[in-house]
Amino acid sequence: MDEKGFMLGVLTRSKRIFSRRLYEEGKIKAHIQDGNREWITLLACICADGSYIEPSLIYQSASGSIQDSWLQAFDLNDHRVHFASSPSGWTNNELGLAWLKQVFDRSTKPKARRSY
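One rule links them: number in the numbering used here = place in the sequence shown (from 1) + 486.
These are computed hints drawn from the structure, not numbers from a lab. Using N, Cα and C, we set each Cβ at its ideal position, and we do this for glycine too. Hints are supplied without guarantee of correctness; some may be wrong.
With a straight-line cut-off of 30 angstroms between C-alpha atoms, the simulated DSS-like cross-links for lysine-lysine are [claimed, not checked]:
#1 Lys513 <-> Lys597
#2 Lys597 <-> Lys587
#3 Lys490 <-> Lys587
#4 Lys490 <-> Lys513
#5 Lys595 <-> Lys490
Derived CB-CB ranges, DEER-like [as the list claims (entries may be wrong)]:
#6 Gln588 <-> Trp525: 16 to 26 angstroms
#7 Gly536 <-> Ala584: 21 to 31 angstroms
#8 Glu540 <-> Phe504: 36 to 46 angstroms
#9 Glu511 <-> Gly582: 31 to 41 angstroms
#10 Arg566 <-> Arg507: 23 to 33 angstroms
#11 Pro596 <-> Phe504: 16 to 26 angstroms
#12 Pro596 <-> Gly512: 49 to 59 angstroms
#13 Glu540 <-> Met493: 17 to 27 angstroms
#14 His565 <-> Lys595: 46 to 56 angstroms
Take the sequences, apply the hints, and build the full model.
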């Protein structure tokens, strides 16, 4: 399983203005963003036999609910995706346990040698 965060609204290129002294001292490592961005996290899992488990998308939501506008382009007939939300847009213990039970266990149980 791997987790990758995507910051919405950030361009691929950024320009930075700083002094040469700061650059040479190594104090400038990355560009600065204003903090007014939204995160979406993707959870993906590929099995040893090459098959994969449906991905999970975690949206940032203070209320814990998923908005209809986030799912407008989603077609249930074409895609299988697990949706969730958290205040930060990242995983937490509650979402991790839900992913194990609802996605991982359900998808891998038929392949397992014995079921629990």
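Now for the hints, and whether the structure bears them out:
no.	hint	result
1	Lys513 <-> Lys597	violated (50 angstroms)
2	Lys597 <-> Lys587	holds (15 angstroms)
3	Lys490 <-> Lys587	holds (20 angstroms)
4	Lys490 <-> Lys513	holds (26 angstroms)
5	Lys595 <-> Lys490	holds (25 angstroms)
6	Gln588 <-> Trp525: 16 to 26 angstroms	holds (21 angstroms)
7	Gly536 <-> Ala584: 21 to 31 angstroms	holds (26 angstroms)
8	Glu540 <-> Phe504: 36 to 46 angstroms	holds (44 angstroms)
9	Glu511 <-> Gly582: 31 to 41 angstroms	holds (39 angstroms)
10	Arg566 <-> Arg507: 23 to 33 angstroms	violated (53 angstroms)
11	Pro596 <-> Phe504: 16 to 26 angstroms	violated (55 angstroms)
12	Pro596 <-> Gly512: 49 to 59 angstroms	holds (52 angstroms)
13	Glu540 <-> Met493: 17 to 27 angstroms	holds (23 angstroms)
14	His565 <-> Lys595: 46 to 56 angstroms	violated (22 angstroms)
Consistency with the previously given hints fails for numbers 1, 10, 11 and 14, ordered from lowest to highest.
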